[in-house]
Amino acid sequence: MADQAIAQSQPKQLQLLKVLGPAHIWALGVGIVLVGEFMGWNYAVGKGGALGALIACWVIGLLYTCVAMIDSEITSTVAAAGGQYTQAKHMIGPLMAFNVGLYLVLAYTMLEAGDVQVAGQLLQIGAGNLGHDIPWEPYTVMTLAILAFINYRGVFMTLTINFVITAAAFASIIILVIGTQPWNPGAVLLHKDLLTGLPYGWIGVLASLHFGIWYYLGIEGTCQAAEEVRSPGRALPMGTMLGIITLLIAAALTWYVCCGLLPWEYLGWDNELAPLYDAAHVTGSPLLTVILFIGTLFSAIASANGCINDASRAWFSMGRDRYLPTWFGAVHPRYRTPFRSILFLIPIAAVFALYIPLAQVITFSILSGLLNYTFMPINMWKFRRMWPLGSIKRGFEHPFHPLPAIVLFVLCTVTFFAVYLGYGRQLLAMMAFYIIASCWFAFYRYRYVKRGDQFTMPWPRPAGY
Amino acid sequence: MWQFMTWVAWAVSAALILWMFWDFVSVNRRYSEDMLLSSREGVDDLFGETSKTKGN
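In order, the protein sequence lines correspond to chains A and B. Residue numbers for the first sequence follow my numbering, beginning at 1 and rising by one. Residue numbers for the second sequence follow my numbering, beginning at 466 and rising by one.
Isolated chain A (complex conformation) (with noise of 0.2 Å):
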């Protein structure tokens, strides 16, 4: 009797709900990246000198400008879990979807390793400050559990709670910039002092455009949401461009204060974990020191909690189309969240964040992340061409095209010869590591992919099709 009421009382077909609004899309944007803001962009200080990441935030924030107007555009229309995954599979083809849900699945996975291990890290640094040493590493398994089981439950709690963290960690940040009172140069900030030109030349330049990735890695995230989103048309265009927006304020802000207080030496020291910190700890202030611990510790967790979203989407999305085994496709008939995904990714993220250094971690994540990027002008480029502006509605329209993709295919090739510089042997074993996984779908998976299945956008047929 019970297996029966249960029978008759279920849905005949199970959807990712449709509950979030621009202001999640912001939070999950923002919430990924914003944890670049608090560490890791500070290395392109010690590649290029202060003036160098100037200039690498300047560049790499038109690259990702370039990103969020193109995701704008095709996600508004393709408003399908996987993000670029989907889009590509429309676009191009299996191949190319195939390697654009490992890029995603990969960057996201591994950035979000990366953020639990420095969750448990700040705790750990915080109770040392208190005169108490404690291990890391049960407080990083700690966060993971509780954000996985957040994750778990239910995407509107998900990105509502990484709406309020995300702003409180943005908010400190705009705390210590008046904290240091910028109307008033030389009282707190030296920037007349501590900058130095460039140290290294135009080729510590170049070179710093990888570490500039850091202010910006994962706004293109976003899309990941797009069904579940009430208003795909209206929301995601216009929470990935506030995104944006918000990060590149918050770069030029983190930049500003970090380089008038910490000389650039000691910026982008390899040792350096967390410069707004150390930034805060510089005024002498004990109030805007914990405000600063509160925000990093926030931005990390945000981070991960928006990067839990992320890679199990992509993961669920490739299961459904049966990129991968359709097991991974299921839809928790309660909460309605790609359950089985989620909790498969959470014990590799783990073992990444307990046992591999975060510079290799975050490496892995930038490489993936870059990948991806050069995939998007080819993709925006045949988006127009197969469904011209007017065949097909948009929620957005991105404008000067196609500049928007000639630009990003320009600085992504010069920031992966700037990776080249630093990670050569990484980017090289990266490249061998998709080879492999692409030889593997192509000649293994791709007999149990059902092709007609995956279309099921009510589209007009593509132009020249």
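Quick list of simulated restraints, FRET-style, between CB atoms: (1) B/S491 / A/V282: 45 to 55 Å; (2) A/I203 / B/T471: 43 to 53 Å; (3) B/W472 / A/G197: 44 to 54 Å; (4) B/W475 / A/P263: 38 to 48 Å; (5) A/Y446 / B/W487: 32 to 42 Å; (6) B/S491 / A/Y200: 58 to 68 Å; (7) B/W487 / A/W183: 54 to 64 Å; (8) A/I406 / B/L483: 48 to 58 Å.
Read the hints as simulated data drawn from the structure, not as lab findings. Only a predicted model underlies this, so the values are computations on that prediction, with no experimental measurement involved. Idealized CB from N, CA, C, for every residue including glycine.
Put chain B on the given structure of chain A with help from the hints.
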């Protein structure tokens, strides 16, 4: 105190992971695979079916 907090962290982690595992097993047992795998992209869950019905 701090040693106690560390044990609490392990205990909270274990409790949450066990709960998720329990729920995962119970959902897989209670619902058919056809139902769990019925999701399709491009389908509006909250308004699509309703608006189509009204439109017809």
